[in-house]
Amino acid sequence: MENQDERLPLSTTPDINADKIDDSLENKAEFTSTYPLQNMTSRQGYRDDIEMSDVETCEIDSSNMSFGRTSRFLMVGMVGMCLIAGSIIAKVSRSPDRYQFVKNENAMAFGTEDQSIPTAAPSRLIDKVIPGTEYEDTTTFSDYSSMEISTEEKKSKKRKHPKHPPKTYPDFSFYVMGDIPYNSDEEKLLKRQLTKISHDVESGIDDAAFIAHVGDLLDDSTTKCKEDVYDRVSAIMKENSVLPILPVPGNNDWDECPNPEQAHEYFNKYYIPLEEQWADTSELPSMVERSPKRQENFALFVDGIMFFGLHLMPRRNAELDEELGTERQEVLQDDFQWVHDYIDKYIHKLRVVIAFGHSGDGKDIAFHKVNRKLRHYGVSLFLFQGDEHLFKIRSNFGYPDDHDWNNCWRITVDQGGIAPPLKVTVRGNEGESDHRFIAENEDQTVFDDIVKIDRRGGTYVIKNS
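For the sequence shown, UniProt numbering begins at 1 and goes up steadily by one.
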């Protein structure tokens, strides 16, 4: 058997016949052989580090023995041990309903492979277990015979205090839109889109928690990024949505404006933190955390899902402007640090990571290092972006031949003027055995059995007048 060096030496251990355990004490000299059992898991809710004792009995025929002086002392000692053991075994014998004998596969056998031990006989026992409290194990071995722990107490303790309480989550849904409104007609369309979602939520047929906007809330070329446009669009969102809206900046909202610094101020004034407008009707705004360095970046952790909102600037603009290129690198480094800090904080609780950003450019800088950790823990990453205006799914984060990204997906949403907001659902684990994600129609796509996206009809059909 394994770990023999941790047991009593075989040469000094008396032969024990496990088949001779008996309730009767007549005409027998009994003693106990007690040794620690390693790797033993308590079945009744005791602490794992409590040692267990294997109580065995044996019969000694003293009529055939001759003793010297030393042997007599040994015999006297053995008889004394038997007297102590008698009270122990008597207690065990009187309580057959509370002490069941089972095969111990980890204990070292003494002359037999089928060795039995009591599953509830620790060498140090608890006087009384009080359900719902931590207890201190101070009872000594001599208190063994006074132990009183009922079966109901044990079952109740085990049921109420599992070592690792299971985490259960319901499905979690949200919407993603982007690149809207670019003109007055799209402002009206945005109202209708938000009103439809609000109606479904209020009527109970939709359980979405929020709406993410991946940037470009105006057309900089026509509006010149005037303040009244920021004010008007934010008012449309506040007045027509019952769900909190979380926007991130696009190139039209900020760096392509005639005065980027002023546009930055307008964006922060009207869109950060826009979610607080729904603080009285939703608990989600209180859960959103903003980056102290870049207020446009946010983080939200809920039900094992880590959400990020990031300022992702298109590379094409930076390549045309050296100063803008330097700023872009600084922004991306801040994005990386923001993502890294939260991934590191929640890595052991993560089921999936979902990020929102206007452009896919810069994703490698923002996510490359943290993705090593995500892959190690088997966590998928989804980036929802705008900028390109047409729905597209890219596996491997857009790097077809790079398997380092095989846990990452990059999804471009339709421009809001040509299609409704995308609905995304993260699968929960309630009723997991019979709850699987299935694409029910051609508008739906399921990823890794954890994320489902629904285009909800896809691009609008334009009727010819």
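These are computed hints drawn from the structure, not numbers from a lab. Positions of the beta carbon are idealized from the N, C-alpha and C atoms, including for glycine. Possibly wrong hints are sitting among the right ones.
[To be verified] Label pairs and their calculated CB-CB ranges:
| hint | residue 1 | residue 2 | range |
| --- | --- | --- | --- |
| 1 | N429 | E187 | 34 to 44 Å |
| 2 | D231 | R372 | 11 to 21 Å |
| 3 | I438 | N396 | 22 to 32 Å |
| 4 | F301 | D207 | 15 to 25 Å |
| 5 | I347 | G77 | 35 to 45 Å |
| 6 | K226 | I393 | 17 to 27 Å |
| 7 | N396 | Q329 | 32 to 42 Å |
[Claimed, not checked] Calculated pairs, EDC-like style, for lysine to aspartate or glutamate (alpha carbon to alpha carbon, straight line, at most 20 Å):
| hint | residue 1 | residue 2 |
| --- | --- | --- |
| 8 | K392 | D454 |
| 9 | K196 | E256 |
| 10 | K238 | E202 |
| 11 | K349 | D449 |
| 12 | K423 | E256 |
| 13 | K423 | E265 |
| 14 | K238 | D185 |
| 15 | K293 | E239 |
| 16 | K423 | D200 |
| 17 | K226 | E265 |
| 18 | K269 | D228 |
| 19 | K452 | E289 |
| 20 | K452 | D228 |
| 21 | K293 | D231 |
| 22 | K224 | E256 |
| 23 | K349 | D219 |
| 24 | K373 | E327 |
| 25 | K269 | D219 |
| 26 | K452 | E265 |
| 27 | K349 | D334 |
| 28 | K345 | D402 |
| 29 | K269 | D303 |
| 30 | K369 | D404 |
Status of each hint after checking the structure:
1. For N429 and E187, the Cβ-Cβ distance of about 40 Å falls inside the hinted range of 34 to 44 Å, so the restraint holds.
2. A hinted range of 11 to 21 Å is violated for the C-beta pair D231 and R372, which are about 43 Å apart.
3. Distance hint for I438 and N396: a CB-CB separation of about 24 Å, consistent with the stated range 22 to 32 Å.
4. Judged by the Cβ atoms, the range 15 to 25 Å given for F301 and D207 holds: they are separated by roughly 19 Å.
5. Checking the proposed 35 to 45 Å range against I347 and G77 shows it is violated: the Cβ atoms sit about 58 Å from each other.
6. Evaluation of the 17 to 27 Å hint for K226 and I393 yields a failure: the beta carbon distance comes to about 36 Å.
7. The supplied range of 32 to 42 Å is broken by N396 and Q329, whose beta-carbon atoms lie about 24 Å from each other.
8. The hinted pair formed by K392 and D454 meets the criterion: a straight-line CA distance of about 13 Å does not exceed 20 Å.
9. This hinted pair does not check out: K196 and E256 have alpha carbons roughly 32 Å apart, beyond 20 Å.
10. Restraint check for K238 and E202: the C-alpha separation of about 16 Å stays at or below 20 Å, so the hint holds.
11. For the proposed pair K349 and D449, the alpha carbon gap of about 18 Å is at most 20 Å, so the pair holds.
12. With a C-alpha separation of about 29 Å, the suggested pair K423 and E256 falls outside the 20 Å cut-off, and the hint is violated.
13. Taking the CA atoms of K423 and E265, the gap is near 31 Å; set against the 20 Å cutoff, the hint is violated.
14. Taken as a hint, the K238 and D185 pair is honoured in the structure, with Cα atoms around 18 Å apart against an allowance of 20 Å.
15. With a C-alpha separation of about 30 Å, the suggested pairing of K293 with E239 is violated against the 20 Å cut-off.
16. With a CA separation close to 13 Å, the supplied pair K423 and D200 stays within the 20 Å bound.
17. A distance of roughly 11 Å separates the Cα atoms of K226 and E265; the hinted pair therefore holds under the 20 Å criterion.
18. In summary, the hint linking K269 to D228 is supported, as the alpha carbons are separated by about 12 Å, within the 20 Å threshold.
19. The straight-line distance between the Cα atoms of K452 and E289 is roughly 26 Å, outside the 20 Å bound, and the hint therefore fails.
20. Distance restraint check for K452 and D228: the Cα-Cα separation of roughly 37 Å exceeds the 20 Å cut-off, and the hinted pair is therefore not satisfied.
21. Restraint check: the Cα-Cα separation between K293 and D231 comes to about 24 Å, which exceeds 20 Å; the hinted pair is violated.
22. Straight-line distance between C-alpha atoms of K224 and E256 comes to about 10 Å, which keeps the hinted pair within the 20 Å bound.
23. About 40 Å separates the Cα atoms of K349 and D219, which puts this hinted pair outside 20 Å; it is violated.
24. Taking the CA atoms of K373 and E327, the gap is near 27 Å; set against the 20 Å cutoff, the hint is violated.
25. Straight-line distance between C-alpha atoms of K269 and D219 comes to about 18 Å, which keeps the hinted pair within the 20 Å bound.
26. Between K452 and E265, the direct Cα distance comes to roughly 36 Å. Violation of the 20 Å bound is thereby established for this hinted pair.
27. For a cut-off of 20 Å, the pair hint linking K349 to D334 is broken: about 24 Å separates their Cα positions.
28. Of the supplied pair hints, the one linking K345 and D402 is violated, its CA atoms being roughly 27 Å apart against a limit of 20 Å.
29. The hinted pair formed by K269 and D303 fails the criterion: a straight-line CA distance of about 30 Å is larger than 20 Å.
30. Distance restraint check for K369 and D404: the Cα-Cα separation of roughly 11 Å lies within the 20 Å cut-off, and the hinted pair is therefore satisfied.
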